[in-house]
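Asks: Keeping the supplied structure of chain A fixed, place chain B upon it in accordance with the hints.
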Amino acid sequence: MKNLRLKAARAGMDLSQDELAGLVGVSRQTISAIEKGDYNPTINLCIAICRALGKTLDELFWEES
Amino acid sequence: MNEKTIGFLAGIAVSLVIVYIALKKLNSDGKATTKYDERQKAVRGKAYTYAFWAVLLANCILLALSVNEPVIERLGPVLFFVPVFIGITVQITYSIFNDGYVGLNTNLKKYLIFMIFVTIINVGVGVMAAINGQVCLDGRLQGPFINILCGILFLIVVVDLLIKNAVENREA
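Chains A and B, in that order, are what the protein sequence lines are. For the first sequence, counting from 1, position 35 maps to 35 in my numbering; every step adds exactly one. For the second sequence, counting from 1, position 132 maps to 197 in my numbering; every step adds exactly one.
The following block holds chain B by itself, in its conformation from the complex:
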């Protein structure tokens, strides 16, 4: 194992610890697991199904694009993240708009603040890397571009939740 791999694995381990602590703080009962009722579980199951097909479709499109264009080469390490990004976006958006995302024990206000914070951090890291010319080297996207994509993903969560909240308030 070289230094880069060790650093990458350490980053994942630290991220998991942060997510665990964040969940404990964001859930109103202080537990790390988010609770869902039976209808929400059914909605989430359907959302995962749509996300699965979205990931397959995204992979097929990437494969098709790579036949004539060196897309795969240009995407670099971002290649692995693009289908995941699309899948997670589909899963999250379907869950939110069908009331299957916010758990029974989730403190929505705290969750939104946390998401905005994470969005700012990721976009900030991405923008700093872009300023230093580390996002794209020799026509190939680099790791820091994933931070920008993560920032966009968290922003989608925030926007989806705010839209859903506004729709519910109007209906009430």
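With the rest of the complex left out, here is chain A:
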């Protein structure tokens, strides 16, 4: 499932995938894969992304049923 909330949060901070990748220490392709829903990140990476974007885990990664 696509993670549009992550994409929106990143765009909201005016960050490119490459810039966010640099902030959290992963490749641009990994950020792209997470946004496309092709890769499920570990909790550590989720936390790093949340910290970089100033969001909580719920806001970016919790799926409402």
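Mixed in with the good hints, there may be bad ones.
[As the list claims (entries may be wrong)] Among the chain B residues that face chain A by a calculated CB cut under 7 Å, a handful are:
no. : residue
1   : V82
2   : D102
3   : E103
4   : R104
5   : D164
Calculated from the structure, these hints are not laboratory results. We put the CB at the ideal spot given by N, CA and C, even for glycine.
Replies: This is chain B only, laid out in the frame that chain A set:
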């Protein structure tokens, strides 16, 4: 240990030193180890699995071929390299096309130039040996043929990386 064995081991030692120096120069942080993120590590793990099965399959095919044809005899020292060549090709190709090959600290431009350089050297050595008639003696492939295979392997890396780069640029 005879002279040939000592020469072979010395060649491996020199190669390892060259690879170590090359990695330090090719990585943007000056370290010899290439860094990968968690997704890339997962991709590489899968690539090694496919490579493992490819090596097993290649060995089985070689064994099957050797039943009726003296393939093993004709391959000579190249025999040991053929399954490895196939395994590495599978590992590299899967990694590249799933974004698990180029590390976080790899300078891709420098890496490509280095690979082209290594390809030319290996193919050059192989071609020179072929001209001198050292690639195949008495119907048996000889050591210099491994240089040609290495050249092809490095060329595959370069072509895979260029194709992947072109696909990414088109998608961007």
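Asks: It remains to establish, for every hint, whether it holds in the given structure.
Replies: Outcome of the hint check:
1. V82: It is violated, given that the least Cβ distance between B/V82 and chain A is near 29 Å, above 7 Å.
2. D102: holds (4 Å)
3. E103: holds (6 Å)
4. R104: holds (4 Å)
5. D164: holds (4 Å)
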